Amino acid sequence: MSQEIAFTLNGNETKVAIQDHWTLLHLLREELGLLGTKEGCGSGECGACTVIVNGDAVNSCLYLAAEVNGKKVLTIEGLATADGTLHPIQQSFVDNGAIQCGFCSPGMIMSAKALLDENPNAKLEDIKHALAGNLCRCTGYVQIFNAVKLASGYRYDAVKVVAWQSKDDS
Amino acid sequence: MQEFTAVGKRIPKLDAADKAAGRIQYIQDIKLPGMLYGKILYSKYPHARIVNVDTSKAKKLSGVRAVLTGEDIPVIKLGVYKDNTPLKTGKVRSYRDEVAAVAATDPEIAQEALSLIEVTYKALPAVFDPEKAMKEDAPLVHERHKTNILKMPWKLHYGDVEAAKKKAAHVVEDRFSTTWVTHCCMGTSGAVAEFDHTNNLTIYTNTQIPSLAQKDFLDTLKAMGLQDRRVRVVKPCLGGGFGSKLDTYAYENIAILLAYNTRKPVKIVFDRREEFIATSTRQPTITYISQGCDKKGNLLFRDISMILDNGAYTSWGATTPSVMMMPITTLYRVPNVRYEAKCVYTNNTYSQAMRGYGNPQATFAIESTMDMLAEAAGIDPVKFRRINANKPGDVSPQNFRITTCGLDECIDEVKKKLETQGPKEEGIGMGIASLIHVGGGARVYKSDGCGTILKMDDFAKVNVFTGASDMGQGADTVIAQIVAEELGLHMEDINVIHTDTDVCPWDVGAHASRTTFVAGNSALGAARKIKSRILEMAARQLETSAGELILRDRKILSKTHPDKQMDIGKLLRTVHFSHGGQMLMAEHFYDPANENLGRDFRGNLSMTYTFGTHGVRVKVDEETGKVKILKYVAAHDVGKAINPMLLEGQVYGGVMMGIGYALTEQVILEKGENMNPNFRDYKILTAKDVPIIEAPVRETADKEGPFGAKGIGEPGCVPTAPAIANAIYDAVGVRIKDLPITPERVLAAIREKKGLDHCGVELGKGGAEECIIEE
Chain A
0 MSQEIAFTLN GNETKVAIQD HWTLLHLLRE ELGLLGTKEG CGSGECGACT VIVNGDAVNS
60 CLYLAAEVNG KKVLTIEGLA TADGTLHPIQ QSFVDNGAIQ CGFCSPGMIM SAKALLDENP
120 NAKLEDIKHA LAGNLCRCTG YVQIFNAVKL ASGYRYDAVK VVAWQSKDDS
Chain B
0 MQEFTAVGKR IPKLDAADKA AGRIQYIQDI KLPGMLYGKI LYSKYPHARI VNVDTSKAKK
60 LSGVRAVLTG EDIPVIKLGV YKDNTPLKTG KVRSYRDEVA AVAATDPEIA QEALSLIEVT
120 YKALPAVFDP EKAMKEDAPL VHERHKTNIL KMPWKLHYGD VEAAKKKAAH VVEDRFSTTW
180 VTHCCMGTSG AVAEFDHTNN LTIYTNTQIP SLAQKDFLDT LKAMGLQDRR VRVVKPCLGG
240 GFGSKLDTYA YENIAILLAY NTRKPVKIVF DRREEFIATS TRQPTITYIS QGCDKKGNLL
300 FRDISMILDN GAYTSWGATT PSVMMMPITT LYRVPNVRYE AKCVYTNNTY SQAMRGYGNP
360 QATFAIESTM DMLAEAAGID PVKFRRINAN KPGDVSPQNF RITTCGLDEC IDEVKKKLET
420 QGPKEEGIGM GIASLIHVGG GARVYKSDGC GTILKMDDFA KVNVFTGASD MGQGADTVIA
480 QIVAEELGLH MEDINVIHTD TDVCPWDVGA HASRTTFVAG NSALGAARKI KSRILEMAAR
540 QLETSAGELI LRDRKILSKT HPDKQMDIGK LLRTVHFSHG GQMLMAEHFY DPANENLGRD
600 FRGNLSMTYT FGTHGVRVKV DEETGKVKIL KYVAAHDVGK AINPMLLEGQ VYGGVMMGIG
660 YALTEQVILE KGENMNPNFR DYKILTAKDV PIIEAPVRET ADKEGPFGAK GIGEPGCVPT
720 APAIANAIYD AVGVRIKDLP ITPERVLAAI REKKGLDHCG VELGKGGAEE CIIEE
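Quick note, the sequences are listed as chains A and B, same order. Note that the first sequence covers residues 0 to 169 in numbering that gives the first Met the number 0. Note that the second sequence covers residues 0 to 774 in numbering that gives the first Met the number 0.
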């Protein structure tokens, strides 16, 4: 069965005909061509497909497209400003080594955004809790935590956390 | 001390901004006009005759463009031993065996078509235990091979182990085992194959070995009767590698065969379940080890025999003993060494390369018994390692020549960072373990080389075409830093292209932690050629000698006359737009002077070796067996950190992968069948599991490395498991010899030590019938 839904996608009013069984991930990637949202498992276990619906981070692979009718959806493509300036969380991920292969990054960044929107002064434990559903195999998460901490409150000013010491530094 | 402008800086990865913005293309994101979707039907048995495959119903389904079985395709031999084929004929040997494949206009139609294929099997007796598979009456996995034991020569003996055993004051021996774990790349495997009208192949594929993959696919085309065709391998952005992409696979060949049959591009992308079931694991091992030392604690011998479960086919997993030899002969000074490994066919999944390439398995046994031996000798385990640590200038029994070596300092640094004041707390313990790994390439193939082409434009921007493969580890960025440093340019002036065999030179592959060292030296060599030409041309323009000039901040500067300077871009335009003009391009192929292992397995495999020590403090809950990591320190001698931020990322990521290997990860195979093909049941660590990790670095400035650097891709996960096992022993006095170290195993060992049964009741006191444990 098909139906028409209307929702706000990255700030744009969007009307689209969908099949009842489509997931939000299918709608975004296969129908609307927004490829920034990734599919890592298709069963809500890895978080690579995380997007924000009405302020909440959700696994778009488990979320029915029909359910976004009348809601606001934000994907990774909607974070940067119109002139291409990265959102402070994106920039912090870039600057702090939080991105290696990058496959988990869009979902990770969306989870971080949902957290910081709700709790701008998130502490390390809050960050770990909020990102627990986003798996990353490359980074060991340490630099992701740093990136989120440094972006918290969006007072991002390119401060570097130096955990590393070379012979010459000491 | 040389002052650097790009090298040694915490520079973000070149493609990080595009990745953060969701703009990078992975194989999942590639869509070509007219593209079909391929799906693979796998075996329903671990070992069975294929009696009949009926594809008639599947072929009739609307939208299906091709259905192939093993009978429809030419003989194409795959893998290290050429014992695998894209689609099986005659029999299946494991659950992941490919029996048929479909191409359709839509992935859902392709899936439905698979369900319409009717396969009749006749089950055969199967074997899943490599020790049983070695027996004469065991079912044969490959009849033609006549035995399940692979004819591979993994056997060495240096010095005289038997004589050393007699001399030793202290000897320990034991058995250790490791199981299957898998890479869990967040981006699953996939390929898109496409032929042009004259049957040249373009394949977009997730690979760490574009040049070797090109050769494999040329062999596939030859087997298909397509002589003298061209193969172009295009590497999309990889969603992780970790060794998983070091071979070519059945699915890539199936995509090629389907594309050839349909004359359309065909895409195969694995779902997560398929990724767990049909990709190759780390090599599981059973290790029998004995080590001995004299009264003062000097190691006298190391004696190891190993059995490796090869699974049903042979990929690089079977060759991991060649790398295991490195820690076995050279981790610490040990004069007498014996090692033998047997790889055995079973009806399990087959193994591949995975970060560390056998080193984690060997180091688990070595470093666990190092602690046992230290205890037997009554020497503190840290001191015991200091007594035996390798030193610069050492030549190991395997003829590995140790150039720079910061092992002593790594051991000391870990001790310093981990030690606590006050009395030992109950249930808390500390353990350490060290590592050696190839840090200057590894000559496992005929060439260990990498090519680079540099092309400068009129504005002093550089395109670097490298053979190296970036898979997220930052090869692109490190290469750009090296080129920017050498040419006095800014990072934004450098563009690194590493994705296409049509334009990139040859490289043996992203393995053996070799990319920074080998591709870095290759890029440096090309940059030096360009630099010397720039200096010569500038010397003429500025009427001075080339030796007077340096390149810095996009300019050519005189060391002695500050007024003599020129923009590099302006020089390039001047030289280009004059009669007999020139453009600046250079190529360099760097093949290190390391050695292939000889018949006796001696040979200096790498130009330099990376050393490190990991230490961990754990708390063990004696009631539940749960191990909590309180602090983890991973110290490495890296030569020189070209990019400290990316280097830390390699260490943090490696350590977390290593902790998973030690504590939580296992592919559970029940009679060959994967019982946990999802992230709910296969536990990689999450954000919640991250302990405090420190990654101190020792820079020994190796003279062979680019700006002194050694490789650091793999070491992070090498000694993690034994460091944790040693800490658990220190905490509660039980030694776990099998990975992963689950709470169940720890608890069982604690109860055994206390003389309790599996239910925690004193032996002989409780009714055995009440003690029911479900394994």
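If you are wondering where the hints come from, they were derived from the structure by calculation, not from laboratory data. Hints are not guaranteed to be accurate.
Each pair of labels, with its calculated beta carbon distance range [as the list claims (entries may be wrong)]:
{"hint": "1", "chain 1": "A", "residue 1": "T84", "chain 2": "B", "residue 2": "K416", "range": "36 to 46 Å"}
{"hint": "2", "chain 1": "B", "residue 1": "K56", "chain 2": "A", "residue 2": "N68", "range": "37 to 47 Å"}
{"hint": "3", "chain 1": "A", "residue 1": "K14", "chain 2": "B", "residue 2": "R551", "range": "29 to 39 Å"}
For clarity, every value in this text was computed on a predicted model and none was experimentally measured. For glycine and all other residues, C-beta sits at the position ideal for the given N, C-alpha and C.
Hints versus structure:
no. : hint                        : result
1   : A:T84 to B:K416: 36 to 46 Å : 40 Å, holds
2   : B:K56 to A:N68: 37 to 47 Å  : 39 Å, holds
3   : A:K14 to B:R551: 29 to 39 Å : 57 Å, violated
When held up to the earlier numbered hints, the structure conflicts with hint 3 and nothing else.
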